[in-house]
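Trainee: Chain by chain, the residues run as shown.
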Amino acid sequence: MTGDSVEKLYLIALRLYPERFRLAHGPAMLQAFRDGRRDASLPRRQFLSLILVDLAISLVKEHLAMMREVFGRPALFFNAAVLAGISTVLALALYAIPQQVLRQGANDPQIAMAGDAAARLEQGQPPSEAIPAESVVDMARSLSPFVIAYDDAGTPLASQAQLNGQTPVPPHGVFDYVRAHGEERISWQPLYRNGQRVRIAAVVERVGGAHPGFVLAGRSLREVEMREEQVLRMAQLAWVAMLGLIVVGTGVFGWYTRPRTA
Amino acid sequence: MSTQPVAGIPLSAAVFAILLSLAEREKHGYQIMKDALSPEGGAVRLGPGTLYGSLDRMMRDGLVAESGVSDDERRRYYKLTALGRRALAEELERLDLAVRAGRSLGLLPHRSRS
Numbered sequence: 001m002t003g004d005s006v007e008k009l010y011l012i013a014l015r016l017y018p019e020r021f022r023l024a025h026g027p028a029m030l031q032a033f034r035d036g037r038r039d040a041s042l043p044r045r046q047f048l049s050l051i052l053v054d055l056a057i058s059l060v061k062e063h064l065a066m067m068r069e070v071f072g073r074p075a076l077f078f079n080a081a082v083l084a085g086i087s088t089v090l091a092l093a094l095y096a097i098p099q100q101v102l103r104q105g106a107n108d109p110q111i112a113m114a115g116d117a118a119a120r121l122e123q124g125q126p127p128s129e130a131i132p133a134e135s136v137v138d139m140a141r142s143l144s145p146f147v148i149a150y151d152d153a154g155t156p157l158a159s160q161a162q163l164n165g166q167t168p169v170p171p172h173g174v175f176d177y178v179r180a181h182g183e184e185r186i187s188w189q190p191l192y193r194n195g196q197r198v199r200i201a202a203v204v205e206r207v208g209g210a211h212p213g214f215v216l217a218g219r220s221l222r223e224v225e226m227r228e229e230q231v232l233r234m235a236q237l238a239w240v241a242m243l244g245l246i247v248v249g250t251g252v253f254g255w256y257t258r259p260r261t262a
Numbered sequence: 263m264s265t266q267p268v269a270g271i272p273l274s275a276a277v278f279a280i281l282l283s284l285a286e287r288e289k290h291g292y293q294i295m296k297d298a299l300s301p302e303g304g305a306v307r308l309g310p311g312t313l314y315g316s317l318d319r320m321m322r323d324g325l326v327a328e329s330g331v332s333d334d335e336r337r338r339y340y341k342l343t344a345l346g347r348r349a350l351a352e353e354l355e356r357l358d359l360a361v362r363a364g365r366s367l368g369l370l371p372h373r374s375r376s
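Here the protein sequences line up with chains A and B, keeping their order.
For the first sequence, this note's numbering gives the first residue as 1, with consecutive numbering after it.
For the second sequence, this note's numbering gives the first residue as 263, with consecutive numbering after it.
If you are wondering where the hints come from, they were derived from the structure by calculation, not from laboratory data.
Small disclaimer: the values here were computed from a predicted structure and weren't measured.
Ideal Cβ placement from N, Cα and C applies to all residues, glycine included.
Warning: the hint list may mix true and false statements.
[To be verified] No more than 20 Å apart at the CA atoms, straight line, and that leaves these computed lysine to aspartate or glutamate pairs for EDC-like: (1) Lys61(A) <-> Asp35(A); (2) Lys289(B) <-> Asp39(A); (3) Lys296(B) <-> Asp39(A); (4) Lys296(B) <-> Asp334(B); (5) Lys296(B) <-> Glu352(B); (6) Lys296(B) <-> Asp323(B); (7) Lys296(B) <-> Glu328(B); (8) Lys61(A) <-> Asp323(B); (9) Lys341(B) <-> Glu328(B); (10) Lys341(B) <-> Asp358(B); (11) Lys341(B) <-> Glu288(B); (12) Lys296(B) <-> Glu286(B); (13) Lys61(A) <-> Glu352(B); (14) Lys289(B) <-> Asp323(B); (15) Lys8(A) <-> Asp39(A); (16) Lys296(B) <-> Glu19(A); (17) Lys341(B) <-> Glu352(B); (18) Lys289(B) <-> Asp116(A).
[Stated by the list, open to error] Negatives, chain B to chain A, calculated, CB over 12 Å: (19) Arg287; (20) Lys296; (21) Gly304; (22) Gly309; (23) Thr312; (24) Gly315; (25) Leu317; (26) Asp318; (27) Gly324; (28) Asp334; (29) Ala344; (30) Leu345; (31) Ala351; (32) Ala363.
Excised from the complex, chain A in its bound form:
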């Protein structure tokens, strides 16, 4: 390889340095390179290996330094952090608001059903009439709403639903709360074992009168929770997209407002 072509290659390599560094030191580096090539006391092979190693190391080093200079500015970081915070709050709202609307909406028919059944029982109708069990709902599979009547001790009296052949009973703490407050709206999980999970949107009402007790109106949350999952995935996607835009935007803004010192 001729001397001229080696120098041409070095000139090309110099163009790989960051602009500010190249403008500031490019001519002096080229001069040092020429001095080295003219220096008879330095073996040519040793000099060329020095130049190659130097190029590999200093190119990486100067580009990292340039990145720190361009993107490591506190104002840039602060702006990006504020935007990331805003987008996180937005994404949380994007999930939390529809999730609450969906979950509250899941109680809608049960509120009326529990109230009606409690009224019938308070009027003295026997539980089997107040809560007619024409077809029993399988709580593990069906999405249909159902009503269950319990006596004051929490023992089932009449039920439109069964789970694994039995009428499930909510935790006694729920009855205690309803006894004190008149009504409770809960997400009830009557079954969670061996990967089988049943969750119910339940409204529990107190039954007054001569035969006090409780009425529970419920409906499977399976479909609602699937929609909640979809909302969560969309919110996550929106959050990642917003963060991506912030990263790209900060990068572009940082690049165009980079310090330009000769």
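Since the structure of chain A is provided, determine the placement of chain B on it from the hints.
Mentor: Just chain B now, with coordinates in the frame of chain A:
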């Protein structure tokens, strides 16, 4: 003169070699590279990229300055600043202590005073 220790001690091999080279007099890039490569200069392999990158940061830290004297517009001469001289002295002091510790541990031969 300030007695505050200079920030950045211990110095990197490249910075130390550049300061040591410039302690003698102001020099241009290739002279500094040659000095650094010699055994007395620390045998540090400084190529142009590493040299000018280091000089760039050392000028920003106030350790060296361009002298403004040049026989060729492409050749820039650099000189030590007072801070650079103090940093070099502190580094040499630190190394001297380490060498003395090495001697007392028998890791280096004792030298007789001439």
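Trainee: Given the hinted pair lysine 296(B) and glutamate 19(A), is their alpha-carbon gap at most 20 Å?
Mentor: 27 Å, violated
Trainee: Lysine 296(B) and aspartate 334(B): Cα distance at most 20 Å?
Mentor: Within the cut-off at roughly 19 Å; holds.
Trainee: Please settle this one: threonine 312(B) was flagged as non-interface, so is its CB more than 12 Å from every CB on chain A?
Mentor: Incorrect as stated: the minimum Cβ-Cβ distance to chain A is 5 Å, not above 12 Å.
Trainee: Between the alpha carbons of lysine 296(B) and glutamate 328(B), is the straight-line distance 20 Å or under?
Mentor: 19 Å, holds
Trainee: Does glycine 304(B) really sit off the interface, with its C-beta more than 12 Å from all C-beta atoms of chain A?
Mentor: 15 Å, holds
Trainee: Are lysine 8(A) and aspartate 39(A) close enough, with their CA atoms no more than 20 Å apart?
Mentor: 19 Å, holds
Trainee: Lysine 296(B) and glutamate 286(B): Cα distance at most 20 Å?
Mentor: 14 Å, holds
Trainee: Closest CB-CB distance from lysine 296(B) to chain A, is it above 12 Å?
Mentor: 7 Å, violated
Trainee: In terms of Cβ atoms, is chain A entirely out of 12 Å range of leucine 345(B)?
Mentor: Non-interface label stands for leucine 345(B): nearest chain A Cβ at 21 Å, farther than 12 Å.
Trainee: Beyond 12 Å on every Cβ pair: is that true for glycine 315(B) relative to chain A?
Mentor: 5 Å, violated
Trainee: Hey, is leucine 317(B) genuinely clear of chain A, shortest beta carbon separation above 12 Å?
Mentor: At roughly 8 Å from the nearest Cβ of chain A, leucine 317(B) sits no farther out than 12 Å, so the non-interface label is violated.
Trainee: Given the hinted pair lysine 341(B) and glutamate 328(B), is their alpha-carbon gap at most 20 Å?
Mentor: With a Cα-Cα distance of about 6 Å, the restraint between lysine 341(B) and glutamate 328(B) holds, given a limit of 20 Å.
Against the hints set out earlier in the document, violations occur for numbers 1, 5, 6, 10, 13, 16, 18, 20, 22, 23, 24, 25, 26 and 28.
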